[in-house]
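Chain E is already provided as a structure; the job is to place chain Y with the ligands on it using the hints.
Listed here are the chains, written in short residue letters.
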Amino acid sequence: MANLKTKIGSLELKNPVMTASGTFGYGSEYADFMDISRLGAIIVKGTTLKRREGNPYPRMAETPSGMLNAVGLQNKGVDYFVDHIYPDIKDIGTNIIVNVSGSSIEDYVQTASVINTLDCIPAIELNISCPNVKQGGMAFGVKAESAASVISAVRKAYDKTLIVKLSPNVTDITEIARAAEDSGADSVSLINTMLGMAIDAERRRPVLSTVTGGMSGPAVKPVALRMVWQVAKAVKIPVIGLGGICCATDAVEFLLAGASAIQIGTANFIDPSVSEKVIDGIEEYLDRHGFKDVSEIIGALEI
Amino acid sequence: MKKYQLDLPVADNRMISGNATLLTLTHAEPLPDMAAGQFAELLVPSAKVLLRRPVSIHSINRQNNTVEFLIQIVGGGTKALAELEKGDTVNVVLPLGNGFSYRTVHVAKPLLIGGGVGVAPLLFLGQELAGNGIRPTFLFGGRSESFLLRLDEFRKYGDVFRTTEDGSAGEKGFVTNHSLLLDSDSFDRIYACGPTPMLKAVAKWAKEHETACEVSLEHKMACGIGACLCCVEDTADQGNVCVCKDGPVFPIERLKWQI
Ligand SMILES: Cc1cc2nc3c(=O)[nH]c(=O)nc-3n(C[C@H](O)[C@H](O)[C@H](O)COP(=O)(O)OP(=O)(O)OC[C@H]3O[C@@H](n4cnc5c(N)ncnc54)[C@H](O)[C@@H]3O)c2cc1C
Ligand SMILES: Cc1cc2nc3c(=O)[nH]c(=O)nc-3n(C[C@H](O)[C@H](O)[C@H](O)COP(=O)(O)O)c2cc1C
Ligand code: FES
Numbered sequence: 260m261a262n263l264k265t266k267i268g269s270l271e272l273k274n275p276v277m278t279a280s281g282t283f284g285y286g287s288e289y290a291d292f293m294d295i296s297r298l299g300a301i302i303v304k305g306t307t308l309k310r311r312e313g314n315p316y317p318r319m320a321e322t323p324s325g326m327l328n329a330v331g332l333q334n335k336g337v338d339y340f341v342d343h344i345y346p347d348i349k350d351i352g353t354n355i356i357v358n359v360s361g362s363s364i365e366d367y368v369q370t371a372s373v374i375n376t377l378d379c380i381p382a383i384e385l386n387i388s389c390p391n392v393k394q395g396g397m398a399f400g401v402k403a404e405s406a407a408s409v410i411s412a413v414r415k416a417y418d419k420t421l422i423v424k425l426s427p428n429v430t431d432i433t434e435i436a437r438a439a440e441d442s443g444a445d446s447v448s449l450i451n452t453m454l455g456m457a458i459d460a461e462r463r464r465p466v467l468s469t470v471t472g473g474m475s476g477p478a479v480k481p482v483a484l485r486m487v488w489q490v491a492k493a494v495k496i497p498v499i500g501l502g503g504i505c506c507a508t509d510a511v512e513f514l515l516a517g518a519s520a521i522q523i524g525t526a527n528f529i530d531p532s533v534s535e536k537v538i539d540g541i542e543e544y545l546d547r548h549g550f551k552d553v554s555e556i557i558g559a560l561e562i
Numbered sequence: 414m415k416k417y418q419l420d421l422p423v424a425d426n427r428m429i430s431g432n433a434t435l436l437t438l439t440h441a442e443p444l445p446d447m448a449a450g451q452f453a454e455l456l457v458p459s460a461k462v463l464l465r466r467p468v469s470i471h472s473i474n475r476q477n478n479t480v481e482f483l484i485q486i487v488g489g490g491t492k493a494l495a496e497l498e499k500g501d502t503v504n505v506v507l508p509l510g511n512g513f514s515y516r517t518v519h520v521a522k523p524l525l526i527g528g529g530v531g532v533a534p535l536l537f538l539g540q541e542l543a544g545n546g547i548r549p550t551f552l553f554g555g556r557s558e559s560f561l562l563r564l565d566e567f568r569k570y571g572d573v574f575r576t577t578e579d580g581s582a583g584e585k586g587f588v589t590n591h592s593l594l595l596d597s598d599s600f601d602r603i604y605a606c607g608p609t610p611m612l613k614a615v616a617k618w619a620k621e622h623e624t625a626c627e628v629s630l631e632h633k634m635a636c637g638i639g640a641c642l643c644c645v646e647d648t649a650d651q652g653n654v655c656v657c658k659d660g661p662v663f664p665i666e667r668l669k670w671q672i
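Residue numbers (the working numbering), protein chains in the order written: chain E, 260 to 562; chain Y, 414 to 672.
Just to be clear, a hint being listed does not mean it is correct.
What the hints assert, rightly or not - Under the rule of at most 16 Å between Cα atoms (straight-line distance), these lysine to aspartate or glutamate pairs were calculated in the EDC-like manner:
1. Y:LYS522 with Y:ASP601
2. E:LYS309 with E:ASP338
3. Y:LYS633 with E:ASP459
4. E:LYS415 with E:ASP441
5. E:LYS273 with E:ASP441
6. Y:LYS613 with Y:GLU584
7. E:LYS266 with E:ASP459
8. E:LYS492 with E:ASP431
9. Y:LYS658 with Y:ASP647
10. Y:LYS613 with Y:ASP598
11. Y:LYS415 with E:ASP294
12. Y:LYS620 with Y:GLU646
13. E:LYS335 with Y:GLU623
14. Y:LYS416 with E:ASP378
15. Y:LYS669 with E:ASP552
16. E:LYS335 with E:ASP291
17. Y:LYS522 with Y:GLU623
18. Y:LYS658 with E:ASP291
19. Y:LYS416 with E:ASP291
20. E:LYS349 with E:ASP378
21. Y:LYS522 with Y:ASP446
22. Y:LYS613 with Y:ASP596
23. E:LYS335 with Y:ASP647
24. Y:LYS658 with Y:GLU623
25. Y:LYS461 with Y:GLU496
26. Y:LYS415 with E:ASP291
27. E:LYS495 with E:ASP441
If you're looking for bench data, these hints aren't it; they were derived computationally from the structure.
Just chain E, with the same shape it has in the complex (with noise of 0.2 Å):
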């Protein structure tokens, strides 16, 4: 049987799986239909300074093959997180990642120092690209300056491993990735939503409170494939990769495609067990192929 523990800077995870923010709660809404202590990493729901009510209703819309979402980070705030969900999260037996978001430099150093004071958080992801909040989100991770303003910040705020995530809203996407890693980002993850948009043709209206959302689910994909492997290629540090990865096969390509872990989303709520089902697929991969390390795979493409 291959070996599947793989590392992320210092942080050392299982196996290359974790599910990826916003779409798999604290972890405890998927105990019923699978061991969440078996994921590499599991990314809590992106967790701002202050609480955060979120978008009006209805924020979800249905696309061909994807979604949009325009939850709009709602969340109780960082001090709600550490007194009442990180207690009975902390030894749920893998690594925890808060996915910390903001709308201004203050508000991600001081989330950011916040979590640094937890013992069993050993990372956070910096999310400086989520288009659903008005001001920052976003904003930060479209603009090189901007993003390592931000991450640099936070890194003089934070000791433990810090992954960035990015948005693919961007012409050059390598341009940002290279920012954080000059910032002090021990690794990128990608991507986050693309921008999108529904109609109700029928009612002449927009489908969602916001007019605009981001889209995730198998839909994104080649364009998740595309930028994970653009990016693995521009920087040093290890990249995840995500976009519509439903089943092992999809986990893989990210793989070969230069990722060194991989992130399930949209795909949990199709079927809340597929992150183990990834866990297996990969194994199942690596040893019918005959590679004894899932390290051999990273970026093994051959073009």
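Frame of chain E; chain Y with the ligands shown alone:
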């Protein structure tokens, strides 16, 4: 309540009106405990449909281990579900949501109000109430007679009253116009499910007549288990909550409806 992801074979699937199908699934083992008002997320057997579709538990037969769903065809997902045939298998996640309060609240004279396919969870509720020795009253509304579904089944558990917008069956008008509601002391709790305008009219009546009232909402869902926060409703006590987890049934005083 523990949730399950099960592959259940189709025992029967038949159209019971122009646009509604009755889907019966079986299980080799006893079905999990479920409360009326809870729902299932059905995986749709069509490459054109990505997300599961939420459907209320319509009825349960514990002798045969079968569960029924009453599904109105409104789009691609429900159409594909209506095309399932005996021998096919459906992947279901259930039971989801909170259900009506009858398991925790004392109720003696319940009125169960349904509009269109909103009658779906009320049959299971009628069965459960009957099991507790309570005979509910059903009040159903529809556009016309053909929109009133499964009346003979409902009559096994309680008296059925009807309204139709065109007067083709029962009293003409909306459920809230029915003469049954002239005497507000006849009922100690209303359980309602149906289109939002109907639920709001029922909630308004209940508020004015100081009758306890619970409504079941049908928001669009992605995960169905409280993980994605797509299905929220604004509440007076907790702000945005997930209809799939904290609902779909809400006591009307929790909702911020302008009624
Ligand atoms: C908790 C819950 C229980 C439900 N129980 C039942 C049930 O027992 N029987 C039943 O027939 N239906 C039920 N529904 C509604 C059902 O889920 C939708 O009709 C279905 O998802 C539509 O899928 P579709 O692909 O056929 O239509 P789509 O192509 O997705 O949509 C077609 C049209 O229906 C509208 N629509 C879609 N979803 C909903 C929704 N949730 N509420 C209102 N309008 C919607 C769309 O806006 C669109 O106009 C329930 C919904 C919820 C949330
Ligand atoms: C409902 C929903 C909520 C999300 N919330 C967040 C979030 O809070 N923070 C974040 O960084 N990404 C969030 N995302 C983006 C996902 O983590 C992921 O980047 C994206 O969905 C692409 O992966 P997928 O196609 O596998 O879903 C969310 C996605 C969805 C569908
Ligand atoms: S549908 Fe995902 S939280 Fe309700």
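Quick one: which hint numbers does this structure break? Sort them smallest to largest.
Those not satisfied are hints 5, 6, 7, 10, 12, 13, 14, 15, 16, 21, 22 and 24.
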